[in-house]
Amino acid sequence: MARSDGRHRKAMAERSFAREVEDLKLGDGDVFRGEGILAITKALLQAGVSYVGGYQGAPISHLMDVLADAKDVLDELGVHFESSASEATAAATLSASVMYPIRGAVTFKSTVGTNVASDALANLASGGVTGGAMIIVGEDYGEGSSIMQERSHAFAMKSQIWLLDPRPNLETIVKMVEEGFELSEASNTPVMLEVRIRTCHVHGHFRTKDNKKPDFTLRQALESPKRDVNRIVLPPASYLHEKEKIEKRWPAAVQFIKDRKLNEHFGPAEGETGIIVQGGMFNNTMRALQILGLADVYGNTTVPVHVLNVTYPLIEDELATFCAGKKAVLMVEEGQPEFLEQALAHILRKRDIQTKLSGKDVLPMAGEYTTQVLLKGLKAFFADHERPRLGNEPPIPDPEPVLADPSVKALAQVVPPRPPGFCTGCPERPIFAAMKLVEKELGQHHIAADIGCHLFSILPPFDIGATTMGYGLGPASASAFNVEADKRPISIMGDGGFWHNGLNSSVGNAVYNKHDGVIMIVDNYYSAATGGQDILSSRAESKRRATNNSIVDAVKGVGVKWVRQIDHTYDVGKMRATLREALTTKEKGPKVIVASSECMLNKQRRVKPLLAKAAKEGKRLVRERFGVDEDVCTGDHACIRLSGCPSLSMKHLDDPLRDDPVASIDHTCVGCGNCGEVAEAAVLCPSFYRADVIVNPNGLDRLLARMRRAVISWLSARRDRRRIAFPA
Amino acid sequence: MTRHETFPTSLSTDRPITLAILAMGGQGGGVLADWIVGMAEAQGWTAQSTSVPGVAQRTGATIYYIEMVKAPDGVHPILALMPTPGDVDVVLAAEFMEAGRSILRGLVTPDRTTLIASTHRAYAIAEKQKPGDGAADPQAVVTASGVAAKRVIASDLDKLAARHGSVISASLFGSLAGAGVLPFPREAFEEAIRAGGKGVNASLAAFAAAYDRAQNPDAASAEPAEAIPPKADPLAPVGHPGFDALLARVRGDLPAEVRLLAAAGLRKVVDFQDLAYGEAYLARLADLLAADRAAGGADRGFAFTAACAKYLAVAMAYDDVIRVADLKTRGSRRERVSREVGVKEEEILYTTEFMHPRMEEVIGTMPAALGRWFEARPGLVARLDRFVSRGRRVRTGTIRWYLALYVVAGLKRIRLRTLRHSREAAHVDVWLGRALDVLPRNYALAVEIIGCRRLVKGYSDTHARGEAKFDRVLSAVPMLVDREDGADWLRRLKQAALMDEGGLALDGALKTVATLGE
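Residue numbers (the UniProt record's numbering), protein chains in the order written: chain R, 1 to 728; chain Y, 1 to 518.
Please note that the accuracy of each hint is not assured.
What the hints assert, rightly or not - EDC-like cross-link-like pairs, simulated, lysine to aspartate or glutamate; straight-line CA separation at most 16 Å:
| id | chain 1 | residue 1 | chain 2 | residue 2 |
| --- | --- | --- | --- | --- |
| 1 | R | Lys212 | R | Asp259 |
| 2 | R | Lys651 | Y | Asp137 |
| 3 | Y | Lys159 | R | Asp666 |
| 4 | Y | Lys344 | R | Asp631 |
| 5 | R | Lys651 | Y | Asp461 |
| 6 | Y | Lys268 | R | Glu316 |
| 7 | Y | Lys344 | R | Asp692 |
| 8 | R | Lys619 | Y | Glu346 |
| 9 | R | Lys616 | Y | Glu501 |
| 10 | R | Lys651 | R | Glu630 |
| 11 | R | Lys175 | R | Glu316 |
| 12 | Y | Lys268 | R | Asp631 |
| 13 | R | Lys436 | Y | Asp461 |
| 14 | R | Lys436 | Y | Glu501 |
| 15 | R | Lys350 | R | Glu316 |
| 16 | Y | Lys412 | R | Asp692 |
It should be emphasised that the hints constitute simulated quantities derived from the structure, not laboratory data.
With the hints as constraints, model all of the structure from the sequences given.
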């Protein structure tokens, strides 16, 4: 496959994580200061892992990115790191810990990643592990989450994987990573460490230890392989696994958690009421208690608080002891179903403990537990069960009076929504501009979307896409629409989704079932939405990975006959023509368009320093930027409706004859060309121009420029003389 | 923190200082949060920041939240992971509507919140995609912040940062230091910037400027104003005898309420064509003024003539290829582009125009009779269109392309005989005729009819869509002419037409108008 835009890059990741890598080298007694997810990364090395795998995605991308840049640290420790093809691959990687005393960890975003991984996870959990196996899940829940709101807890329960939910404090998190491996080994069960999105990004500190070389290496395992048919999920062993889970592994885990006191207690031992809280909910709960005058900022509280750093399994004795003698307890458990509350109710009932159980009656069943929400719930709980605690009701922060003010209420109509969108110069923008233009010609089509940056096309100004079913499943989700009709379905998938799962589940499926739809594969050279990691088809040259594998070759390999490669997505006219052809051709079977241009965010990171260097060295180069002739623009903003580029905005002119602001391009423009292409393809208006600035011009440039200027200046001066010169 | 007396357990009354940063992805909110945390830690405080960068990337609105507390040795504070409405000491808003969002979220309360905001605007897609002016009203944020905040420190921190070659995180940080709401000396702030290690000098300069402005907000207005030359009086002579004579007519013959608009209009049409065209504009305006007077316009501030002065000029100076070519070949344009793009002395600038001429434009530029002859032969036009209609990259810096545009601009001489001109003139006649018909019966409605000209704008499809909307809006006039609130309804229709491209809002509004008589 010839590529016109096949510049090869040397470096892997465009962003450098060199500073973070330094943090991984800290030793005994040093202080780490940084993000939660990096603390976890460091904790893995302190725990002596042999291998780490995972699939990138918020909020755990940093773990992967930093390890990808930490080759020397990992080599020295003998740790194998791998960017897995998918979460399923990552989870399957943990099988190295089944037979051998090898510690390993994998990471992904949950619950979406856990969904993908669940087959491998279930098999892993059934047979059990010898070495500590840890799954670090970045729980993407609450404000700013990009996925469906579900709990990983259900996965832990169904497969019997222990679930750690450490309170968001780096010391605690690191401790839970280290002890989590021990728990895993003591109970022959994989452990899941759940970290919420804000915890991953929380900035804090902890005292570090030296990194630990694994006691038993992967090499040793390979050279003296072991097998035990009883660890394989195959009858009759699988029936025994279930028994073993209950009879051996569960009790062992409970004992370990009790012995190590993984769950914590704050406040007085006794009290009329008490609070049981998921570790992750601890800080906000304490803030709510503090506001109510029942705790302080240093963790002292007048209310007994039991913190579940392990939310599965629950330690019945601990909970029974905590509840016994109390009039009522409140279970603070975010998300639904209320697994913990149900389990606690069951424990209390079984043991005939008459403590009242409160939870989702005073706290909302759904939604994020912010301090504000917890404050309301705690107040209601104490009002019901221990009124004196609220005392004379200290004044609590209350925005309501301000929010009720008419001038503040009026803001709701004024402040515009600001959803995320394509970056300045994004190569995906022209693809969707072309799609809008085709829509104007051929009418609306059913468009199945996928996961990735291109999903921003569902928002204004494009408003494209009807469904999204999962990563790499865009075309698969159009499978039912394989019937005779006057319009074909269009489905979209990113290069990330394509390699994650899409090649088989979407493209292969479409070939096999003779699907007649159009499949648009958006290839931006990276797994862009997760932070610009390299993937199979990335154009970077990498010593450690095999990149530059063609998507076109792959789809042809699974049998697609109609394939079009567009190497420059900014060519809106060509994009539109190709899409039109795909939608109207007589040819049957899937029509695959691979639209390739480099992610602009990553390209800028790559190119900007190079250009600055070249300019400094006096090399000739051309700087491009777009502009709008404001006299020509009439302020209809059709260009903006086909773009949405952050650098294409509007400005109000100081002209009494004009009502509407004109389009305007600011200095953040990267000169991608979309504005001009769209104006041309959509026959909009001639107000766009591209300014090419020749930096460090050579002799020929200067000569030509002088000649041209002479002629043009003469001509324009000639006409200017006849014009009335108006003062500005 | 209120200490609770019922329970003797000794609770500390320390409370953390809380800060929320409201920003858009790519604005450097993370850098600002790192500076604040780094500074607090360097001063021996415990600081914690959290964010949800997943949405912060790519221009979405996001919040960074910071808490800091001076803890006794060996004690670990428990800090919250998100702001609690009503419990925030400082809100830093990196854009003015984000300041509004912070107020809407209850983060700004009068008992404690210092609101530090940049007044600049980065328009959201919902604002800028409207075919009209969708910009949100900043005054609403000004009013609300007066109600919600304990103290407001607001100025254009984006521009301030740019002036010092830096970005808004630096000027926000300077404002924070200057506001004096954190218990740290200025040097601690500056040290945090130095520790960051990137673009230190520019950041420090922007920091210092913002610091001074926050310390002394009154002096901000006294800062050296950017060299904006005072605008020339549009009614003052320009030194061209012919034009100045026309301007004298504006001053002498037109009522005061109309003069400024008429002077601007006159300049526009003369610049579009020539002095004679300007004279025609004034003559037409005189006729309209007479009708206005007859309809009692004197008591209404000659609102009708004022509207005509504005929109007649816009209509007469329509957007045709000759005008575009003229504007793109002027000497002044080159200078403007150089300035906007920031071209240095030794660098060379070329511009490329993105044009897409079609047969319609070619025919429009023909003498009217010839143009009509072509129009009567759509088959021929379609065949010719295949050669004409395509995107053309016009490199105005090369002699060949410049000459081509120069020649098109020179067609000005025959402009008033072209098909396009005859069409535009006819459209003006019909439009003004309808307004004049209505004028004696419903003055306010007639003024609104003139204002509907705002809908006609753009080129090609945009222009056609605008004209269609214009016609549809005016189709309601017969239903409205006898209604006292007819003008209000027509204004609503016009506004609806500017809401969306497809005219969905207009459809709805027209349906409502149709039911008025029932």
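Verification of the supplied hints:
Of the pairs offered as hints, the one joining R:Lys212 and R:Asp259 is violated, with about 24 Å between alpha carbons and a cut-off of 16 Å exceeded. Using a Cα cut-off of 16 Å, the hinted pair R:Lys651 and Y:Asp137 holds, with the two alpha carbons roughly 14 Å apart. For the given pair, Y:Lys159 sits about 13 Å from R:Asp666 by alpha-carbon distance, which is consistent with the 16 Å threshold. This hinted pair does not check out: Y:Lys344 and R:Asp631 have alpha carbons roughly 24 Å apart, beyond 16 Å.
As the CA atoms of R:Lys651 and Y:Asp461 are separated by approximately 23 Å, the hinted pair breaks the 16 Å bound. With a CA separation close to 84 Å, the supplied pair Y:Lys268 and R:Glu316 exceeds the 16 Å bound. Restraint check: the Cα-Cα separation between Y:Lys344 and R:Asp692 comes to about 13 Å, which is no more than 16 Å; the hinted pair holds. The hinted pair formed by R:Lys619 and Y:Glu346 meets the criterion: a straight-line CA distance of about 13 Å does not exceed 16 Å.
Under the criterion of a C-alpha separation no larger than 16 Å, the hint pairing R:Lys616 with Y:Glu501 is inconsistent with the structure, at around 46 Å. Restraint check for R:Lys651 and R:Glu630: satisfied, since their Cα atoms lie roughly 9 Å apart, inside the 16 Å limit. For the hint pairing R:Lys175 with R:Glu316, the CA-to-CA distance comes to about 23 Å; that exceeds 16 Å, so the pair is violated. A threshold of 16 Å between alpha carbons decides the hint, and for Y:Lys268 with R:Asp631 the separation of about 11 Å falls inside it, so the pair holds.
For the hint linking R:Lys436 to Y:Asp461, the alpha-carbon distance of about 15 Å falls within 16 Å, and the restraint holds. With a C-alpha separation of about 13 Å, the suggested pair R:Lys436 and Y:Glu501 falls inside the 16 Å cut-off, and the hint holds. Under the criterion of a C-alpha separation no larger than 16 Å, the hint pairing R:Lys350 with R:Glu316 is consistent with the structure, at around 10 Å. Proximity of Y:Lys412 to R:Asp692 is assessed by CA-CA distance (about 29 Å); at most 16 Å being required, the pair is judged violated.
Hint check: violations occur at hints 1, 4, 5, 6, 9, 11, 16; the rest are consistent with the structure.
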